[in-house]
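Visitor: The chain contents come next:
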Amino acid sequence: QKEVEQNSGPLSVPEGAIASLNCTYSDRVSQSFFWYRQYSGKSPELIMSIYSNGDKEDGRFTAQLNKASQYVSLLIRDSQPSDSATYLCAVNGNYQLIWGAGTKLIIKP
Amino acid sequence: GAGVSQSPSNKVTEKGKDVELRCDPISGHTALYWYRQSLGQGLEFLIYFQGNSAPDKSGLPSDRFSAERTGGSVSTLTIQRTQQEDSAVYLCASSLAQVTNTGELFFGEGSRLTVL
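For the record, the sequence lines run as chains A and U. Mapping to this note's numbering: the first sequence position 78 is 78, numbers consecutive. If you want this note's numbering, it's the 1-based position in the second sequence plus 109.
Some clues are possibly wrong.
What follows is a set of in silico ranges between Cβ atoms, one per label pair, in the way DEER data are often shown [to be verified]: (1) U/S162 x A/G16: 46 to 54 Å; (2) U/L225 x A/D58: 40 to 48 Å; (3) A/S26 x U/G168: 14 to 22 Å; (4) U/S171 x A/D58: 35 to 43 Å.
Because the hints were derived from the structure by calculation, they are not lab data. Where is the CB? At the ideal position from N, CA and C, for every residue including glycine.
Whole structure, please, built from the sequences with the hints as guidance.
Guide: Here you go:
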């Protein structure tokens, strides 16, 4: 059974620092990787996707993929209190996404 | 509106009653997903529709749960003889095509079900 693992947290990071969120997956043939953000009481929204080994940057967000280690991460630079949320890692399955349980991130002012 | 619409937003029911939850996806989105999320937990997959057919119903927790989609659009999730453990937020999401390539799922605001 395909699995996606995340540390549930909470991960507490000072404002302005770099937040690092990690995710591992079990299916070696996975091709597509996604990070969703979910604010408390709200629905998830897609913030980053990555398909190739290496880094992908979008503003303050950088996704990193290492297929050999079956590891994907999300870095948030210059963390802001508005980044406080649960971050869900997802990996492509046959016709749906396989979800991690999410890491709760708290940015302390 | 242009987003995924779910109703009711909140539903309180008594144990043993039946409930229906409705999802109206974004127009033109062929794929529709139902998830369940309990407090502080991740997303639990329930069922996936491609058009009107459901290739995968494996996530439905029991035979008390059923879902249908008509006209390739609106979907209804029905829970019969509700139990307290059914209390959760039920999320519907849609995508333009099969989601596995783009990962872009558009979620509704959810239906919060409380079974007393």
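Visitor: Evaluate each hint against the coordinates.
Guide: Each hint tested on the structure:
1. U/S162 x A/G16: 46 to 54 Å: holds, 50 Å
2. U/L225 x A/D58: 40 to 48 Å: Between U/L225 and A/D58, where Cβ atoms are some 44 Å apart, the hint holds.
3. A/S26 x U/G168: 14 to 22 Å: Because 18 Å falls inside the window, the suggested range holds.
4. U/S171 x A/D58: 35 to 43 Å: holds, 41 Å
Violation of the numbered hints given earlier is absent; every hint is satisfied by the structure.
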